[in-house]
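Chemist: Spelled out from the first residue to the last, the chains are:
There are 2 protein chains.
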Amino acid sequence: MTAPFDLAPLLAPGTPAPAVKWNGFPKYNFIGGHNDAKHVPVEALIEAATTVLKREGATLATYGLNSGPLGYRPLREFLAGKLKGHAGIACSPDEILITSGSMQGLDLINSLLLAKGDTVLIEQETYGGALTKLTRLGVNAVGIPLDAEGLRLDVLKQKLEELKQKGVKPKYIYTIPTVQNPTGAIMGEARRKELIKLAAEHGVVIFEDECYSDLVWNGKRPKSLYSLANGEGVIHIGSFSKSIAPALRVGYIVAKWEVLSRILALKQDAGSGALEQMVLAEFCAKHFADHVPKLSKALHAKLQTLREALAEQFGTSAEFGDPPGGIYLWIKLPDTVDTVKLAQAALAAGVSLNPGPEWSTAKDDARCRLRLCFANPEPETIRKGVEVLAEVCRREFGVPLRSANVDKK
Amino acid sequence: MTAPFDLAPLLAPGTPAPAVKWNGFPKYNFIGGHNDAKHVPVEALIEAATTVLKREGATLATYGLNSGPLGYRPLREFLAGKLKGHAGIACSPDEILITSGSMQGLDLINSLLLAKGDTVLIEQETYGGALTKLTRLGVNAVGIPLDAEGLRLDVLKQKLEELKQKGVKPKYIYTIPTVQNPTGAIMGEARRKELIKLAAEHGVVIFEDECYSDLVWNGKRPKSLYSLANGEGVIHIGSFSKSIAPALRVGYIVAKWEVLSRILALKQDAGSGALEQMVLAEFCAKHFADHVPKLSKALHAKLQTLREALAEQFGTSAEFGDPPGGIYLWIKLPDTVDTVKLAQAALAAGVSLNPGPEWSTAKDDARCRLRLCFANPEPETIRKGVEVLAEVCRREFGVPLRSANVDKK
Chain A
1 MTAPFDLAPL LAPGTPAPAV KWNGFPKYNF IGGHNDAKHV PVEALIEAAT TVLKREGATL
61 ATYGLNSGPL GYRPLREFLA GKLKGHAGIA CSPDEILITS GSMQGLDLIN SLLLAKGDTV
121 LIEQETYGGA LTKLTRLGVN AVGIPLDAEG LRLDVLKQKL EELKQKGVKP KYIYTIPTVQ
181 NPTGAIMGEA RRKELIKLAA EHGVVIFEDE CYSDLVWNGK RPKSLYSLAN GEGVIHIGSF
241 SKSIAPALRV GYIVAKWEVL SRILALKQDA GSGALEQMVL AEFCAKHFAD HVPKLSKALH
301 AKLQTLREAL AEQFGTSAEF GDPPGGIYLW IKLPDTVDTV KLAQAALAAG VSLNPGPEWS
361 TAKDDARCRL RLCFANPEPE TIRKGVEVLA EVCRREFGVP LRSANVDKK
Chain B
1 MTAPFDLAPL LAPGTPAPAV KWNGFPKYNF IGGHNDAKHV PVEALIEAAT TVLKREGATL
61 ATYGLNSGPL GYRPLREFLA GKLKGHAGIA CSPDEILITS GSMQGLDLIN SLLLAKGDTV
121 LIEQETYGGA LTKLTRLGVN AVGIPLDAEG LRLDVLKQKL EELKQKGVKP KYIYTIPTVQ
181 NPTGAIMGEA RRKELIKLAA EHGVVIFEDE CYSDLVWNGK RPKSLYSLAN GEGVIHIGSF
241 SKSIAPALRV GYIVAKWEVL SRILALKQDA GSGALEQMVL AEFCAKHFAD HVPKLSKALH
301 AKLQTLREAL AEQFGTSAEF GDPPGGIYLW IKLPDTVDTV KLAQAALAAG VSLNPGPEWS
361 TAKDDARCRL RLCFANPEPE TIRKGVEVLA EVCRREFGVP LRSANVDKK
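Protein chains in written order, with the working numbering: chain A, 1 to 409; chain B, 1 to 409.
It should be emphasised that the hints constitute simulated quantities derived from the structure, not laboratory data. A hint or two may mislead.
Here are the simulated lysine to any residue pairs, SDA-like style, with alpha carbons at most 20 Å apart [stated by the list, open to error]: (1) K256/B / P18/A; (2) K294/A / A58/B; (3) K54/B / V42/A.
Build out the structure end to end from the sequences listed, making use of the hints.
Modeler: Right, dumping it as structure tokens:
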């Protein structure tokens, strides 16, 4: 009765390889979107939890609390206010759907629009998770190169024309216009308006991902695409992962009700986690406006620590910019470096990094690039981690030749 | 630039109809799995939140806290202990995956095993959400009739043979063996062993859903199928929705690592909500064992209130049993009653109910049946709601003829 059971003949086609066991975080953790542990507002979260549970803890007895399937209403009300001031978005709380992280937002929007064989346009360097999801869905993701202001509209226009001539109607243009992942670019308002015009001409949805837009060092940002288009043809997503804490799985979708009602019909999870929503709403109403600049300041300092460490350890071998916000630095190493191999060797030495090809549709071009997330490690760990990374890189690829002003040859 | 955008040409095929706006709960709420508001342990949850956040709130800065993708380790440790004592399951915390409600468990297991056109075996009367998901996936759900002990194995055996002769290999047998939804049946240990033998002979997975097994009035239950099969060929899911609070979206999957590692590879959500997991783990370690009997006692009393109210208002027109646990009563009305129509008319009068056909694969047989959830409304609301329901039923279908000892003709 308890003979070993063979599951293999029952698996659905295309099931991914089994996960490997998790063995803890690496010593020098530069991957993912982990955040600054010292800036989790623990005391204020405790206060928020206490207040909101005392007041309405009994509502946990009903699915969706007393707020219905769009999510906890006070959180949607906070967001409506925040989005108005921050992103120029005039929407009602009923045009906001709370999701379990912005990843669920991605999944829902993909479910709404995409079938196998469809085509989407996407920034050439972009969020690896978005690329993975598209690959799994069997969707053709056409990469559009970026410049210092993000999406290059000349190439986008050309691709849209090409696809039109081939009779292919792309479903959406996925963009992270405000602190692009991984380049950090912020698209200016003029280009945003052009993008909206172009997308409307071709009847393509703009899928605007604003997960990082709270973390701009000088606090200034252009109006969101959603705002500039009055919500027509734009679906907007955001998250609290980067501005409060990533382990809280709370994101949101903003869309016109005609669109949101269709997305809501696809959200078959009996609601997102209530406690996270309640505590966030209570916390944010009081503290969000003060919390974010403090976090941004700390992140900006860590970015500078990382840039200095890279300059010191890699010299001219590492090329990178000075992003205006966010938690990532996108780095180019010499063409001889294969960052997929580098990532494996570095991990063995305790350093985790995201190799370029996982974050790009142009795999060859990205072969010598990598993304480092600087938000989680403390400054001393950043310095030491970059030192270890330079040692590994030198051992494996012979670069950097000199580092920390010492000739290593 | 802001002309109305037409999304229709871009929608994926088979997109469901848009959701309708939510207008609050009905006055007499007998649907869903809502629970008893007076028994949400608010003070203990506040204490748990305070303790756990003080101790390890800073870990919210990393995805998955410090526990990796299987979920918060102290919660998995609590579950390993609870499942051992309660369900006879000997498993390690690494054979438990925390999910965002048991609904995500259903989705993940469906993703692992099912493709369009596949066949599964399912209890004839069963959880409506499971049926909806199977319909959406284009899976053929073959219903097996139930008796007082649940799944009828004589019919199951016959169906398995029939399918084998047709060359169809069913993927799983979905069962809720401990407090069946909606009938409340508990399958005895002898039948469980027979079921395991039958499934193993045919190489079919048993998908065991134990969402209600904590709520047994006398606290006694047979060992789980997972336990009796030593985990071979069984995937087990459970939830905290019914034992603590449904708005907390925390469920779990128990499976051998060879199976769980495949399920984990499909869980692409960057983890389930951390705060809910942390607070539950802290709460449960101290209070779960005391909390559940108190909740069960209150629910049992509500069930008796509902049964008395039905007897009073419907007389012999309503047939129902006396389930040994859970939060539902499955009721048969005279054959002339169409419960789908009754549900619409009742809702207009403020009474929500689940019509039988949504909870059954045998739509005709279930036409005169309905499910009432008695956990949420207070006793007086139960009595008044049943009175209103009887009035609506009499108006629409002419039954019950007599109620509350008053001839209504």
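Chemist: Broken hints, numbered, in rising order?
Modeler: Of the numbered hints, all hold.
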